[in-house]
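S.K.: Chain by chain, the residues run as shown.
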Amino acid sequence: MENQPAANKFIRWFDPRNRQVGSWAFILNRITAIGLTIYLFLHLIVLSSLARGPEAYDSFIDLATSPLFKFGELFVIAGGIIHGLNGIRVGITSFGIGIRKQKEMFYVIMVISVIGTAIFAIKMFIL
Amino acid sequence: MFEISKPKSREGAFLWLYKIIAGGLIVVILAVHFIVNHFLGPKDGLLTYQAVLDYYKNPIIPAMEIIFVIVAVTHSLIGTRSIILDTNPSPKTLKVIDWILIAIGSAAIIYGIWLILVLVSRIT
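Those protein sequence lines, which keep their order, are chains G and S. Mapping of the first sequence onto the numbering used here: position 76 corresponds to residue 76, and the numbering continues sequentially without gaps. Mapping of the second sequence onto the numbering used here: position 10 corresponds to residue 10, and the numbering continues sequentially without gaps.
Calculated from the structure, these hints are not laboratory results. This structure is a prediction, so every number in the text was calculated from the model and none was measured. Heads up, some of the hints might be wrong.
Stated by the list, open to error - Simulated restraints on C-beta separations:
#1 I126(G) with I97(S): 39 to 49 Å
#2 Y107(G) with K6(S): 19 to 29 Å
#3 E55(G) with S90(S): 46 to 56 Å
#4 P91(S) with P54(G): 21 to 31 Å
Claimed, not checked - Okay, the calculated bits of chain S under chain G, using three or more residues with CB under 8 Å as the criterion:
#5 45-54
#6 105-116
What the hints assert, rightly or not - Each computed EDC-like pair below joins lysine to aspartate or glutamate, with the alpha-carbon atoms no more than 20 Å apart:
#7 K70(G) with D58(G)
#8 K8(S) with D86(S)
#9 K9(G) with E65(S)
#10 K123(G) with D62(G)
#11 K92(S) with E3(S)
#12 K95(S) with E11(S)
#13 K8(S) with D98(S)
#14 K103(G) with E3(S)
#15 K101(G) with E3(S)
#16 K9(G) with E11(S)
#17 K123(G) with E55(G)
#18 K9(G) with D54(S)
#19 K6(S) with E65(S)
Glycine included, each C-beta is placed from N, C-alpha and C at the ideal position.
Pulled out of the complex, with its shape left as it was, chain G reads as follows (with noise of 0.2 Å):
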């Protein structure tokens, strides 16, 4: 039966042998979905800085725009819009749109991700 889950299956996210382009958009939007919970927590976490008052999160935005904090930002933002876009290609296709066309979707979404995640870092980096 396929689509069922078992153990062997979590192991093989890992795998990168014998793997299709539809393999590689999953393990993508699942990489990316476990990076992007784990920030989602730490933000709200980091957030509660604000219930503090101004110099809490005042100090927290120093510590914030440092240069390491920004490259580590530049991969929620990537992980974002490789989710995001990954995301809509998997709902519109439950639905039965554009099934024929999943690699070439697949395909768009990495390059428009690429030049997404450039024009960001070069905002926070350049301008």
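Starting from the known structure of chain G, fit chain S onto it as the hints suggest.
M.R.: Chain S alone, transformed into the frame defined by chain G:
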């Protein structure tokens, strides 16, 4: 080979559909967030406490943020659950996991809404 997304055997159609709809909402709200903050708003974004309070003055913003915290938290935890389903947990384990996820999700949403309302109450 691309598989078509469908509910897993123990996910249920409702959670699966909800995850897709919530995902769509997250894309829309994040897009609005980035456009407002980084293209229309103050040049430096929300980089001071006062800038955040000013941002919240428009009542659409806190309303949008409340919807955002709900859909982002639920989407991420339902997604976490569907990853856990791939490890084929026993029904008993899954029940425990479900309650842990419900507890984490409820706490995160209540905290998020509380934080938004605290900020709204401080707008002068």
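S.K.: For this structure, which hints from the list above don't hold up?
M.R.: Result: hints 4, 9, 11, 17, 18, 19 break, sorted rising.
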